[in-house]
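So the sequence lines, in the order shown, correspond to chains X and F.
For the first sequence, the numbering used here begins at 1 and goes up steadily by one.
For the second sequence, the numbering used here begins at 1 and goes up steadily by one.
Careful: at least some of the hints might be erroneous.
[What the hints assert, rightly or not] Facing chain F, a subset of chain X residues (Cβ under 10 Å, in silico):
no.: 1; residue: Phe28
no.: 2; residue: Leu46
no.: 3; residue: His85
no.: 4; residue: Ser89
no.: 5; residue: Trp99
[Said to hold, decoys possible] Simulated pairs of lysine-lysine, BS3-like, Cα-Cα distance not exceeding 30 Å:
no.: 6; chain 1: X; residue 1: Lys20; chain 2: X; residue 2: Lys55
no.: 7; chain 1: F; residue 1: Lys100; chain 2: F; residue 2: Lys58
no.: 8; chain 1: X; residue 1: Lys64; chain 2: F; residue 2: Lys105
no.: 9; chain 1: F; residue 1: Lys49; chain 2: F; residue 2: Lys100
no.: 10; chain 1: X; residue 1: Lys41; chain 2: F; residue 2: Lys58
no.: 11; chain 1: F; residue 1: Lys58; chain 2: F; residue 2: Lys105
no.: 12; chain 1: F; residue 1: Lys77; chain 2: F; residue 2: Lys105
no.: 13; chain 1: F; residue 1: Lys100; chain 2: X; residue 2: Lys55
no.: 14; chain 1: F; residue 1: Lys105; chain 2: X; residue 2: Lys55
no.: 15; chain 1: F; residue 1: Lys58; chain 2: X; residue 2: Lys20
no.: 16; chain 1: F; residue 1: Lys100; chain 2: X; residue 2: Lys20
no.: 17; chain 1: F; residue 1: Lys105; chain 2: X; residue 2: Lys66
no.: 18; chain 1: F; residue 1: Lys105; chain 2: X; residue 2: Lys41
Calculated directly from the structure, the hints in this document are not laboratory data.
Even for Gly, the Cβ is constructed at its ideal location relative to N, Cα and C.
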Amino acid sequence: GAVVSQHPSWVICKSGTSVKIECRSLDFQATTMFWYRQFPKQSLMLMATSNEGSKATYEQGVEKDKFLINHASLTLSTLTVTSAHPEDSSFYICSARDWGPYNEQFFGPGTRLTVL
Amino acid sequence: AQSVAQPEDQVNVAEGNPLTVKCTYSVSGNPYLFWYVQYPNRGLQFLLKYITGDNLVKGSYGFEAEFNKSQTSFHLKKPSALVSDSALYFCAVRDMEGDKIIFGKGTRLHILP
């Protein structure tokens with residue numbers, strides 16, 4: 001089956017620094033990837049849709065200057081949390097959509113971000 | 001707008017008993033429906049999906065779900081629960097025309113030994 005990886009799996013950073021999270025589709029090409037955020041004991045909230053070669057589409061209430069998304073290739077999307085603050089601490093999960101007839105999404109294992 | 005409701009925050013079931021985790025949905029067209037399981041500090045693991053065809057869908061780890069169009073439900077079931085089934089379960093929906101998957105708030109399943 002289709003595999004999506006994320007790196008790093010966890011990261012701790014100081015307040016004010018920037019953190020980059022990578023999402024890779026390992027065995028298929030994904031023109032579209034999605035970034036989700038999950039607070040403790042809560043559901044996944046879609047942050048943005050990442051399209052290869054074009055600007056990401058952000059959901060309402062998500063700061064595009066805070067959460068920079070780059071989808072430079074068909075297998076890689078990155079999420080950069082700029083000037084991170086403790087309230088940005090969360091579990092970030094990406095997914096990649098395949099080319100099949102049903103445009104299924106396959107999810108990465110997630111990245112735990114802790115901002116001190 | 002599409003939405004998913006999981007009415008139970010937590011479900012407790014004795015090991016060996018059948019389990020049901022409820023899910024209802026709302027979409028403008030025909031739905032794609034999914035169940036995922038999440039263990040602590042882990043990503044989502046795909047359990048099963050309904051796209052078209054038989055209303056009873058069989059998935060991983062002995063789970064199954066029944067699509068009921070008239071009741072707009074997609075309840076997750078398993079005939080005999082295991083302690084290892086204890087986890088957080090998410091129901092999700094996507095309409096056939098769109099890209100976005102909308103998740104329910106999740107149901108925590110506790111299987112009691």
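Here is what the structure says about each hint:
1. Phe28: violated (15 Å)
2. Leu46: holds (6 Å)
3. His85: At about 22 Å, which exceeds the 10 Å cut-off, the nearest Cβ of chain F leaves the hint on His85/X violated.
4. Ser89: violated (13 Å)
5. Trp99: violated (13 Å)
6. Lys20/X with Lys55/X: holds (17 Å)
7. Lys100/F with Lys58/F: holds (24 Å)
8. Lys64/X with Lys105/F: Distance ~25 Å between Lys64/X and Lys105/F Cα, so the pair holds.
9. Lys49/F with Lys100/F: holds (15 Å)
10. Lys41/X with Lys58/F: holds (27 Å)
11. Lys58/F with Lys105/F: Within the cut-off at roughly 23 Å; holds.
12. Lys77/F with Lys105/F: holds (18 Å)
13. Lys100/F with Lys55/X: The given pair, whose Cα atoms are some 17 Å apart, holds under the 30 Å limit.
14. Lys105/F with Lys55/X: Holds, at roughly 29 Å.
15. Lys58/F with Lys20/X: violated (38 Å)
16. Lys100/F with Lys20/X: holds (24 Å)
17. Lys105/F with Lys66/X: holds (25 Å)
18. Lys105/F with Lys41/X: Given that 30 Å is the threshold and the Cα spacing comes to 9 Å, the pair holds.
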